[in-house]
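Novice: Listed below are the residues making up each chain.
There are 2 protein chains.
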Amino acid sequence: MYRIGELADLCEVKADTLRFYEKHGLLSPSSRTDSGYRVYTDADAARLRFILRAKAVGFTLSEISELLSIDLDKSNWACADVKGMVDLKLAQVQAKIAELLHFQTSLQSLSDACCGGPRSAEHCSILEALESSTERVRVEHDHGATDCTTTLDKSGN
Amino acid sequence: MYRIGELADLCEVKADTLRFYEKHGLLSPSSRTDSGYRVYTDADAARLRFILRAKAVGFTLSEISELLSIDLDKSNWACADVKGMVDLKLAQVQAKIAELLHFQTSLQSLSDACCGGPRSAEHCSILEALESSTERVRVEHDHGATDCTTTLDKSGN
DNA sequence: ATAAACCTTAGAGCCTACTCCAAGGTCAAG
DNA sequence: CTTGACCTTGGAGTAGGCTCTAAGGTTTAT
Chain H
1 MYRIGELADL CEVKADTLRF YEKHGLLSPS SRTDSGYRVY TDADAARLRF ILRAKAVGFT
61 LSEISELLSI DLDKSNWACA DVKGMVDLKL AQVQAKIAEL LHFQTSLQSL SDACCGGPRS
121 AEHCSILEAL ESSTERVRVE HDHGATDCTT TLDKSGN
Chain X
1 MYRIGELADL CEVKADTLRF YEKHGLLSPS SRTDSGYRVY TDADAARLRF ILRAKAVGFT
61 LSEISELLSI DLDKSNWACA DVKGMVDLKL AQVQAKIAEL LHFQTSLQSL SDACCGGPRS
121 AEHCSILEAL ESSTERVRVE HDHGATDCTT TLDKSGN
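As given, the protein sequences belong to chains H and X, one line each in that order. Quick note: the first sequence uses UniProt numbering, first residue 1, plus one each step. Quick note: the second sequence uses UniProt numbering, first residue 1, plus one each step.
It should be emphasised that the hints constitute simulated quantities derived from the structure, not laboratory data. Quick caveat: nothing in here was measured; it's all calculated off a predicted structure. Treat each hint with caution, since some may be false.
Identical copies carry no separate label here, and so any pair may be met within one copy or between two of them.
[Claimed, not checked] Below, simulated DSBU-like cross-link-like pairs (lysine-lysine); rule was C-alpha separation at most 30 Å, straight line:
1) 55 to 96
2) 55 to 14
3) 74 to 55
4) 96 to 14
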C-alpha cells in the first residue's frame, strides 16, 4: 500500500503525473483512506510499471490505454492484434527516424558549408542556402572557408 | 503582388498558415488593399520560402524567427552565430534520432518475440514483456512461436 | 443583380504529456 | 497545539503549429 508520493518516488515520476494518469483513465488507486488520500496497491504499482515500460518503447498514453485494456482481457484478443500495434508503432517510429535523418543530413551539409568564423555573416553560406530560391548554393566566400557546394533538398519537406 | 490565397497556393501552404505566421511575427504582407486585403510582394514570397526551407531542415518557428532577424541584420552577426544555431539544432536532432533508434530496437525485439498468430493473447510475449517486472522475458509459448529471449531496456527511458 | 469565390477579424479548439498553482484538509512528531 | 510534510480539488499554463468557426465584407463573372 502506497500513498501517492510514495508510489511516485518508487517509480520516479511525480505525484502530479499519477493524478494525470488517473484523470485520463490509465491508473486509478484501488482505494482511498477515510480522509480521501489515494491508496495504491502492488497491483497498481505493476500497472504503473506497465505504463512506464510502454512509454519507454514509444507508445503514447492513448495507445497505452488500449494496451492496458487488452492486457486485462487477453483471452478476447489475438497475438496478431498486439503485434499489429507494435508493428504499427514501429513503422511510425521508422518514419520519424527517416524524417530526422533527412534533417540531420541537411543540417550537416549546412554546417559543413559554413566557415563558422567570428566575422560578419554577410556572406554566410547557411543564410544564403536558406535564402536562395535555387536549391543549390555556391559557397566561396571571403573569410577562409574552403570552397564547397551544398544542397538543400526540397524533398525533405 | 499576391493575395493571401495566391501566395498560399504558390507555396503550398494554407492561407490560415500565412495569417498564423503574421500573428507570430514571421511574415507580414508589405501592404493592404483599400478594402483591407493583404498584399504580398515577391520579397514577401522569398521570406516565406526562407521560412519553409528552414522548417524543412527541422527548425521551429521561434528559431526561424531568430534566423530571419539575423538574416535582416547580417553585418551584426558572425558566421559562428549562425553555425552555432545549426549545430545546436543538429545536436537536438541527433539526440531525438538516438531516442527513436532506441524505441525502434525495443519494438523490433518485441515484434520478433511475438508469434503474431490469430489465437488468444493469453501468453503473448509482448504483453508479458510489458507486464514483467524483470527486464528479461522468456518467450516459450504454446502456439507456434520459436523460443526466444527478448530484452526490454530500461535505460531507454 | 446576384452567386460564387474570395477576403476580413477575433477567438476557440486540437494534440500530447505533463506541470504548476491556490486554497485548503490531514497526519505525525515534539 | 503547532509545525511541516504530506495530501485534496479544480483549473490554468506550457510548447508547437496550425486549423477551424462565425459573422460579415469584397470582387469577379455571368
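Novice: The structure should be examined with respect to each hint, and the outcome stated for every one.
Specialist: Evaluation of the provided hints:
For the homomeric pair residue 55 and residue 96, the shortest alpha-carbon distances inside one copy (16 Å) and between copies (15 Å) are both at most 30 Å. Taking the closest pair of Cα atoms, residue 55 and residue 14 come within 30 Å of each other only inside a single copy of the chain (15 Å); across copies the shortest separation is 34 Å, beyond that limit. Only within a single protomer do residue 74 and residue 55 lie at most 30 Å apart by alpha-carbon distance; the minimum there is 20 Å, versus 44 Å between protomers. Taking the shortest alpha-carbon separations for residue 96 and residue 14, both the intra-copy value of 28 Å and the inter-copy value of 23 Å come in at or below 30 Å.
Figure legend: structure checked against the earlier numbered hints; every hint is met.
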